[in-house]
Amino acid sequence: GNSVTQMEGPVTLSEEAFLTINCTYTATGYPSLFWYVQYPGEGLQLLLKATKADDKGSNKGFEATYRKETTSFHLEKGSVQVSDSAVYFCALPYSGGGADGLTFGKGTHLIIQP
Amino acid sequence: KAGVTQTPRYLIKTRGQQVTLSCSPISGHRSVSWYQQTPGQGLQFLFEYFSETQRNKGNFPGRFSGRQFSNSRSEMNVSTLELGDSALYLCASSLAGQEAGEQYFGPGTRLTVT
Numbered sequence: 001g002n003s004v005t006q007m008e009g010p011v012t013l014s015e016e017a018f019l020t021i022n023c024t025y026t027a028t029g030y031p032s033l034f035w036y037v038q039y040p041g042e043g044l045q046l047l048l049k050a051t052k053a054d055d056k057g058s059n060k061g062f063e064a065t066y067r068k069e070t071t072s073f074h075l076e077k078g079s080v081q082v083s084d085s086a087v088y089f090c091a092l093p094y095s096g097g098g099a100d101g102l103t104f105g106k107g108t109h110l111i112i113q114p
Numbered sequence: 001k002a003g004v005t006q007t008p009r010y011l012i013k014t015r016g017q018q019v020t021l022s023c024s025p026i027s028g029h030r031s032v033s034w035y036q037q038t039p040g041q042g043l044q045f046l047f048e049y050f051s052e053t054q055r056n057k058g059n060f061p062g063r064f065s066g067r068q069f070s071n072s073r074s075e076m077n078v079s080t081l082e083l084g085d086s087a088l089y090l091c092a093s094s095l096a097g098q099e100a101g102e103q104y105f106g107p108g109t110r111l112t113v114t
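So the protein lines, in turn, are chains V and R.
Just so it is clear: in the first sequence, position 95 is 95 by my numbering, and no numbers are missing.
Just so it is clear: in the second sequence, position 114 is 114 by my numbering, and no numbers are missing.
So here's chain V without its partners, still in its complex pose:
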């Protein structure tokens, strides 16, 4: 089945620093790719997605580009804020064939210090 590897944290940055969280995947074909975020005390929610190669997903200042050549979907943000402190998960479909269900990376705990 499909699998994903992402850098594990915790990652600690100062406010306004540049953020990169690496994510690489193994999959059959070219599935959609996702970043989910889990803020403290809140449920898991979709941050952004890309549905085909070279697509760029973006939301709340975060961006990620679907790179099929390097099978990567790295998450970036130019200037992080304290409110970005959360756990970030890279994900893709568990398997093909149209069924739902995702396989997730282990999660990256991001801590932003003022």
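Don't read these hints as lab results, they were simulated from the structure.
Since the structure is predicted, the reported quantities are computational estimates derived from the model, not experimental observations.
There is no bait here: all hints are sound.
Calculated pairs, SDA-like style, for lysine to any residue (alpha carbon to alpha carbon, straight line, at most 20 angstroms): (1) 77/V / 12/V; (2) 52/V / 1/V; (3) 60/V / 104/R; (4) 106/V / 110/R; (5) 106/V / 39/R; (6) 1/R / 42/V; (7) 106/V / 104/R; (8) 56/V / 45/V; (9) 106/V / 58/R; (10) 56/V / 18/V; (11) 77/V / 16/V; (12) 57/R / 1/V; (13) 77/V / 14/V; (14) 106/V / 88/R; (15) 106/V / 41/R; (16) 56/V / 70/V; (17) 13/R / 83/R; (18) 77/V / 109/V; (19) 13/R / 81/R; (20) 56/V / 77/V; (21) 57/R / 85/R; (22) 60/V / 78/V; (23) 56/V / 101/R; (24) 106/V / 60/R; (25) 106/V / 86/R; (26) 60/V / 20/V; (27) 13/R / 88/R; (28) 106/V / 85/R; (29) 106/V / 38/R; (30) 1/R / 43/V; (31) 106/V / 42/R; (32) 56/V / 68/V; (33) 57/R / 2/V; (34) 106/V / 40/R; (35) 106/V / 44/R; (36) 52/V / 102/R.
Derived list of chain R stretches under chain V, where covered just means 3 residues or more per stretch with a C-beta under 8 angstroms from a C-beta of chain V: (37) 44–54; (38) 90–96.
In this text, a Cβ means the ideal position worked out from N, Cα and C, and glycines have one as well.
Add chain R to chain V, keeping to what the hints say.
Same frame as chain V, now just chain R:
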């Protein structure tokens, strides 16, 4: 529109017992997926139901089972509980289409096995 709801939110069971968890998806969503989240293994896909049929299944033993009702509500059951089953169980719903898409997660049921 109401979000995904899960009941109960917290549960304490004894090893060897069985447990049933419930999930009500967002109105109009026909796909329901279940996940287990633990500190060691992260987020792992259990299974997915669509129109009362299991369409997708993760790598979990047969002690873990589920079902979906005609109103799309879903239940998962764990029989013969083990200490290692202690986890946060998350349910997610989606519209379900041509491929795995955006999922909306509930707050989870925290299961503790003693």
